[in-house]
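Add chain S to chain R, keeping to what the hints say.
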Amino acid sequence: SQTIHQWPATLVQPVGSPLSLECTVEGTSNPNLYWYRQAAGRGLQLLFYSVGIGQISSEVPQNLSASRPQDRQFILSSKKLLLSDSGFYLCAWSLKDHGQYNEQFFGPGTRLTVL
Amino acid sequence: AQKVTQAQTEISVVEKEDVTLDCVYETRDTTYYLFWYKQPPSGELVFLIRRNSFDEQNEISGRYSWNFQKSTSSFNFTITASQVVDSAVYFCALSEARRASSASKIIFGSGTRLSIRP
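Quick note, the sequences are listed as chains R and S, same order.
Going by our numbering, the first residue of the first sequence is number 14, and it counts up by one from there.
Going by our numbering, the first residue of the second sequence is number 848, and it counts up by one from there.
I should point out that these hints are in silico values taken from the structure, not numbers from a laboratory.
Owing to the predicted nature of the structure, the values given are computational and were not obtained by experimental measurement.
Think of the CB as a built atom: it goes at the ideal place given N, C-alpha and C, for glycine as much as any other residue.
Watch out, some of these pointers could steer you wrong.
To list a few chain R residues with every Cβ distance to chain S over 12 Å, as calculated [to be verified]:
| hint | residue |
| --- | --- |
| 1 | P27 |
| 2 | S33 |
| 3 | T37 |
| 4 | G40 |
| 5 | T41 |
| 6 | V64 |
| 7 | G67 |
| 8 | Q68 |
| 9 | S70 |
| 10 | P74 |
| 11 | S78 |
| 12 | R85 |
| 13 | K93 |
| 14 | L108 |
| 15 | Q117 |
Stretches of chain R that chain S covers, calculated by requiring three or more beta carbons in the stretch to come under 8 Å of a beta carbon on chain S [claimed, not checked]:
| hint | region |
| --- | --- |
| 16 | 51–60 |
| 17 | 118–128 |
With the rest of the complex left out, here is chain R:
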């Protein structure tokens, strides 16, 4: 069965510091991968998605970047964090087959607080 891991689970960082959040998927090959942010009490905002190694699509202009160095690894980064980067970051994966399998499966999330 497939599992998705995210770390760290929680993170407190000062403004201006760098960020690296990691997501890995097990039990599947060549998945589509996604990064979402959820602000407190709000819905989910898609930040990035990737259909393959080195292929990153950005949904919103922001202070963040994403990379996919390996098939099942997705990394969210920032060179200098802003207060507005605080939130709950969720990684998700989906199968690449079209047709019926369109749902995404989410990791446990990383709660980031920027002070």
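Same frame as chain R, now just chain S:
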């Protein structure tokens, strides 16, 4: 443009009551998918159900049931005999049909926070 509206921001009911969470969607696609996800206090989103636009059959899974009506662009979720463990934020979502190898971009509603009181 695609849009999902969950007009109920918060709902609070007493345990064992039935509760329906409303979801209305907008899309110009003729083929699309609808989802419900549950987000318990731990934060992880749990996939509950997927429905494609060609399948309007209602679905029941234990105490959960879903009513999909294309005529009103709604995909409502009912919990029968609610329990405290059902307390969570529930998200309705919509995605377009896609080609193989492309990403499934899901549009989420703003969520409904459901509180079940003992």
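Hint check results:
1. P27: At roughly 23 Å from the nearest Cβ of chain S, R/P27 sits farther out than 12 Å, so the non-interface label holds.
2. S33: holds (20 Å)
3. T37: For R/T37, whose nearest Cβ neighbour in chain S is about 15 Å away, the distance exceeds 12 Å, so it holds.
4. G40: holds (15 Å)
5. T41: Fine: 14 Å to the nearest Cβ keeps R/T41 off the interface.
6. V64: violated (5 Å)
7. G67: holds (15 Å)
8. Q68: violated (10 Å)
9. S70: violated (7 Å)
10. P74: holds (17 Å)
11. S78: holds (17 Å)
12. R85: Given that every Cβ of chain S is farther than 12 Å from that of R/R85, nearest at about 15 Å, it holds.
13. K93: R/K93 clear of chain S: closest Cβ-Cβ about 26 Å, beyond 12 Å.
14. L108: violated (9 Å)
15. Q117: Check fails; 6 Å does not lie beyond 12 Å.
16. 51–60: holds (count 4)
17. 118–128: holds (count 6)
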